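Undergrad: Listed below, chain by chain, are the residues.
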Amino acid sequence: MEILISLIKIVVVLFVMITSVAYIVLLERKVAAAIQNRIGPNRVGWKGLLQPLADVLKLLTKEDIVPRQANRFIHDLAPMISIGVALTMFAVVPFGDHITLFGHDIKLQIASINIGILYILALTSLGVYGVTLSGWSSNSKYSLLGGLRSSAQLISYELSMGVSIIGVIMIAGSLQLDLIVQAQAGWMWNIFLQPIGFITFVISAFAETNRLPFDLPEAEPELVGGYHTEYSGMKFGLFFLAEYANMLTASAIITTLYLGGWQVPFVHDLELSDFWVSVVQVLGFCAKVVLLILFFIIIRWTIPRFRYDQLMNLGWKVMLPLAIANLLGTGLVMLLMNVR
Amino acid sequence: MQQTKFKPIIHKRDLKWWDKLYIPQIVAGLRLTIVQMFRPKFTRQYPEERWNPPASFRGRPVLVEEKGVERCVACGLCARVCPALAIEVQGSESEYWKERYPVKFEINMLRCIFCGFCEEVCPEEAIVMSQEYELTFTSQEDAIFGKDKLLIPAEKLKDRLEYLRQNR
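Chains as they are written, first to last, in the numbering used here: chain A, 1 to 340; chain B, 1001 to 1168.
None of these hints come from the bench; they were simulated from the model. As the structure is a computational prediction, the values presented were derived from the model and not from experiment. Glycine included, each C-beta is placed from N, C-alpha and C at the ideal position. Mixed in with the good hints there might be a few duds.
[Claimed, not checked] Straight-line alpha carbon distances no greater than 20 Å define the calculated EDC-like cross-link-like pairs of lysine to aspartate or glutamate that follow:
{"#": "1", "chain 1": "B", "residue 1": "Lys1147", "chain 2": "B", "residue 2": "Glu1119"}
{"#": "2", "chain 1": "B", "residue 1": "Lys1041", "chain 2": "A", "residue 2": "Asp76"}
{"#": "3", "chain 1": "A", "residue 1": "Lys58", "chain 2": "A", "residue 2": "Asp97"}
{"#": "4", "chain 1": "B", "residue 1": "Lys1098", "chain 2": "B", "residue 2": "Glu1124"}
{"#": "5", "chain 1": "B", "residue 1": "Lys1147", "chain 2": "B", "residue 2": "Glu1162"}
{"#": "6", "chain 1": "B", "residue 1": "Lys1020", "chain 2": "A", "residue 2": "Asp309"}
{"#": "7", "chain 1": "A", "residue 1": "Lys47", "chain 2": "A", "residue 2": "Asp64"}
{"#": "8", "chain 1": "B", "residue 1": "Lys1156", "chain 2": "B", "residue 2": "Glu1066"}
{"#": "9", "chain 1": "B", "residue 1": "Lys1147", "chain 2": "B", "residue 2": "Glu1134"}
{"#": "10", "chain 1": "B", "residue 1": "Lys1149", "chain 2": "B", "residue 2": "Glu1049"}
{"#": "11", "chain 1": "B", "residue 1": "Lys1012", "chain 2": "A", "residue 2": "Asp309"}
{"#": "12", "chain 1": "A", "residue 1": "Lys47", "chain 2": "B", "residue 2": "Glu1049"}
{"#": "13", "chain 1": "A", "residue 1": "Lys317", "chain 2": "B", "residue 2": "Asp1019"}
{"#": "14", "chain 1": "B", "residue 1": "Lys1149", "chain 2": "B", "residue 2": "Glu1134"}
{"#": "15", "chain 1": "B", "residue 1": "Lys1098", "chain 2": "B", "residue 2": "Glu1134"}
{"#": "16", "chain 1": "B", "residue 1": "Lys1158", "chain 2": "B", "residue 2": "Glu1065"}
{"#": "17", "chain 1": "A", "residue 1": "Lys47", "chain 2": "B", "residue 2": "Glu1048"}
{"#": "18", "chain 1": "A", "residue 1": "Lys107", "chain 2": "A", "residue 2": "Glu2"}
[Stated by the list, open to error] To give a feel for the contact side, a few chain A residues facing chain B, derived at Cβ under 10 Å:
{"#": "19", "residue": "Ile18"}
{"#": "20", "residue": "Thr19"}
{"#": "21", "residue": "Ala33"}
{"#": "22", "residue": "Ala34"}
{"#": "23", "residue": "Gln36"}
{"#": "24", "residue": "Arg38"}
{"#": "25", "residue": "Ile39"}
{"#": "26", "residue": "Asn42"}
{"#": "27", "residue": "Ile199"}
{"#": "28", "residue": "Phe295"}
{"#": "29", "residue": "Ile298"}
{"#": "30", "residue": "Ile299"}
{"#": "31", "residue": "Thr302"}
Next comes chain B alone, as it looks inside the complex (with noise of 0.2 Å):
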């Protein structure tokens, strides 16, 4: 591994009158800061240019969306498991192959803090996080999200489905 230079430490009993006068010292920040002007900015044009995050990137959590029906079983794992007690399910039982579904499925974004243990926990792969991370809501109504927001194909999802087969 490469070591870090560090510059030898001056003591203030070292320096020559030319240093003390300190107008070196100002001429050497000048040429710095006007440098630094003609730099490429790092400024992103936030509305305009959006950033697209990589797969790893945990944003609001989702339901998986399959043949228009949600993959969740309504077995209540990722309800026991948030630590923000975020989550609220129900389930019930169906006429599909799947025998049980979430009647009422209810994230309150307000609680929820994107840890992922949801994601994490769920026996379906029925809960996933999405790259979705602008969120505005302007009443604490609005920010319990049910069934028709969270429900998203799985096609729209497969980046991160595929991140969790390989890294899980």
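If we strip away everything but chain A, and leave its shape as in the complex, we get (with noise of 0.2 Å):
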């Protein structure tokens, strides 16, 4: 019976996270009209809401070109990697508290691991290995300067999100993430006992998926598409939508760990029965999902993106010496309140 439920646990997020992220992509071309004074798609179904679909088959339908000497079984690996490393670091994240449903008490979240954030960061650094492997199989210079960037940016940024990480584990005394979310009760939401640590993990979030201001790995006026250059069809299908993955994943696990997860502070004041209070619940940490979500497209649209020297500059010099004294100081004043 457990794993019954947890095999539909595990389906019904795949299948939501799949459309969600075709849909982010449809937002992100929708709000990137808007910010232009366009209109963005809107000719296949209601407003354009068929659009994902239509994108994805004709993706499915392209040729799918392998350079020649490009490593053949690498460069199919490679997209797997990125889209597999998106979808399973959300097996983690608790999208609710319990719920009760046909007579079952079913927790919101589908593994509670109690290494969670080991288990993130883990996979974190494995994502970089789609990148760079597609980068070094393509068998070409803009692919391989891209991979190297990859690699590089991934490691320097993910330090300082590791590190503004710790403040939250001091906090909670755990690395399970539904924990976490249990001691940002109420109003003692993360993002106001931690807001250096806040900042600094949302500009590694930002860096680790590739996103604008820190998109050097792909950076079209210089590298063409940098790692996917050679990629086509639905391979290339595969990095787009990691991308997006990427971004809901990073969303999803900015939202657990700094903006309370699915706790809605005023939700017992409503009087619900149990089950609209997991309802509401679920739906708290979805909307602050999508906002999250809109902020990353906003700023994309927003911010330039930086110089080589520079992002390296920012990871080293300036996010990492933050990190650390976020942590020193989360120590010193738990220390001197004598909490714990």
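Dock chain to chain to rebuild the complex, using the hints, since each chain is given by itself in its own frame.
TA: Here you go:
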């Protein structure tokens, strides 16, 4: 029974994730259009709502071109690593508290493992392989440069990301994501307790997801398409979806760690039954994630790309010291206030 | 004339630490993009919402037809002046008052560059630039427009003829 429930949860979450990733692409195009005073895709379906379907169909029917001299196996493997990592990362994210459905008490999280944060950090490191291997295996100078840049960038930002998370772990006293969310009950969200940690984490998340202003691995004007220059058809589509899946997962993790996860502070004043409380909490989680994704998108159309040395300077000379200072400050305050 | 006001150049050494954080500029940029989102859109829904060009527009060249006959007297000036060599005229004598008429008048629309020299040089106001801008063909043969496609009654070209009379 437990396995069945887990399987159902996996299927539902995967379905919701893939659909929403497709629609984030549409949202990105719509918001970009609005910022540039255009309308955006509005021909396929009502107001363009079937556009993602048309895009996927187009990509599926396109020819899959592999460059001569390319390492075929790794060339095929790289997009799978990218999308696989992006999707599996969501497994530890709690998107709600318990809910009772058909007499079963269901925990709204696929896997509540006790090293949740380590799992996330490990997977983000794995995600580097997708980009780096695709750049290496394509046998193209642009792809190679993109891959090299991404490995350097992701490794530098992973450090400040990891260090800024430690503050959260110290406050919650656990690596388990659902316990971290429970520690943020009411308005005790980590964004208020750890504003500097929040900023460093969000900036690192931008760098980890290869979004502008840190999209140097693909940097269209200089590297054609960066690591996915030599990809076409659905293999390119997988990279494309992986970028948005990464964005979704990053937003979900930011929400979980800093914005109180599924906590809706005023939900207990509404006097709802337990079932509806859970539903409101899940909706609250979704709302926070959507707002963060909107933020990601608007930032993309606002800030120009960094130069490579600026990126590295920011990562090593600003972000890392800030994150360490934040860590030390948190420790000091906790020691003085004698918490735990 | 009004002088454009330039903002003074701010050097990096003059920035306060607050400006160097880069965050105020990010916030200002975000405000700008978010305000833009609610501005009116410029998009024209093309196939449904068409653009009506003004009379000064140079669309595809057409022959003016008056009382069922083209005005053209097949002098060949347009073919001579055409920089892209798109026009081919073959004249012949006729029973009409104008004595000559084109047996064959062809414009290769793949060569035409819409310069309007033919219209300018024409002594009879017989070839003018119309307001049509939608040109599609599926083969090179289709792109050669003969008299059947070029002849347009003078009433439909009134705007352009009026414009030419005023501005030439």
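Undergrad: All hints are to be evaluated individually against the structure, with a verdict given for each.
TA: Here's how the hints hold up against the structure:
A distance of roughly 16 Å separates the Cα atoms of B/Lys1147 and B/Glu1119; the hinted pair therefore holds under the 20 Å criterion. With a CA separation close to 42 Å, the supplied pair B/Lys1041 and A/Asp76 exceeds the 20 Å bound. Between the alpha carbons of A/Lys58 and A/Asp97 the distance comes to roughly 39 Å, so the proposed pair goes past 20 Å and is violated. The hinted pair formed by B/Lys1098 and B/Glu1124 meets the criterion: a straight-line CA distance of about 11 Å does not exceed 20 Å.
A hinted pair counts as satisfied when its Cα atoms are at most 20 Å apart, and B/Lys1147 with B/Glu1162 does not qualify at roughly 23 Å. Of the pairs offered as hints, the one joining B/Lys1020 and A/Asp309 holds, with about 17 Å between alpha carbons and a cut-off of 20 Å not exceeded. For the hint pairing A/Lys47 with A/Asp64, the CA-to-CA distance comes to about 31 Å; that exceeds 20 Å, so the pair is violated. As the CA atoms of B/Lys1156 and B/Glu1066 are separated by approximately 11 Å, the hinted pair is consistent with the 20 Å bound.
The straight-line distance between the Cα atoms of B/Lys1147 and B/Glu1134 is roughly 18 Å, inside the 20 Å bound, and the hint therefore holds. Note on B/Lys1149 and B/Glu1049: the hinted pairing is violated, with a Cα-Cα distance of about 25 Å set against a maximum of 20 Å. Restraint check for B/Lys1012 and A/Asp309: satisfied, since their Cα atoms lie roughly 18 Å apart, inside the 20 Å limit. Note on A/Lys47 and B/Glu1049: the hinted pairing holds, with a Cα-Cα distance of about 17 Å set against a maximum of 20 Å.
A C-alpha spacing of about 18 Å is found between A/Lys317 and B/Asp1019, which places the hinted pair at or below 20 Å, so the restraint holds. Simply put, B/Lys1149 and B/Glu1134 have alpha-carbon atoms about 14 Å apart, close enough for the 20 Å limit, and the pair holds. Using a Cα cut-off of 20 Å, the hinted pair B/Lys1098 and B/Glu1134 is violated, with the two alpha carbons roughly 33 Å apart. Of the supplied pair hints, the one linking B/Lys1158 and B/Glu1065 holds, its CA atoms being roughly 12 Å apart against a limit of 20 Å.
Under the criterion of a C-alpha separation no larger than 20 Å, the hint pairing A/Lys47 with B/Glu1048 is consistent with the structure, at around 15 Å. Between A/Lys107 and A/Glu2 the alpha-carbon distance is near 11 Å, which keeps this suggested pair within the 20 Å criterion. For A/Ile18, the shortest C-beta to C-beta distance to chain B is roughly 27 Å, which exceeds 10 Å, and the interface hint is violated. Interface hint status for A/Thr19: violated, as the beta-carbon distance to the closest one in chain B is roughly 25 Å, over 10 Å.
Evaluation of the A/Ala33 hint against chain B yields a held restraint, the C-beta minimum of about 8 Å falling below 10 Å. Checking A/Ala34 against chain B: minimum C-beta separation of about 4 Å stays under 10 Å; hint holds. Checking A/Gln36 against chain B: minimum C-beta separation of about 7 Å stays under 10 Å; hint holds. Below 10 Å, beta-carbon pairs count as interface contacts, and A/Arg38 has one with chain B at about 5 Å; its hint therefore holds.
Residue-level restraint check for A/Ile39 holds (minimum Cβ-Cβ distance to chain B is 4 Å; threshold 10 Å). Here the hint on A/Asn42 is kept, as its CB sits about 8 Å from the closest CB of chain B, short of 10 Å. At its closest, the beta carbon of A/Ile199 sits 9 Å from a beta carbon of chain B; the interface hint therefore holds under the 10 Å criterion. With its C-beta approaching chain B no nearer than about 9 Å, A/Phe295 sits inside the 10 Å limit, and its interface hint holds.
At its closest, the beta carbon of A/Ile298 sits 6 Å from a beta carbon of chain B; the interface hint therefore holds under the 10 Å criterion. Restraint check, A/Ile299 versus chain B: the minimum CB separation of about 7 Å is within 10 Å; hint holds. The restraint placing A/Thr302 at the interface with chain B holds, with a minimum CB-CB distance near 4 Å, inside the 10 Å limit.
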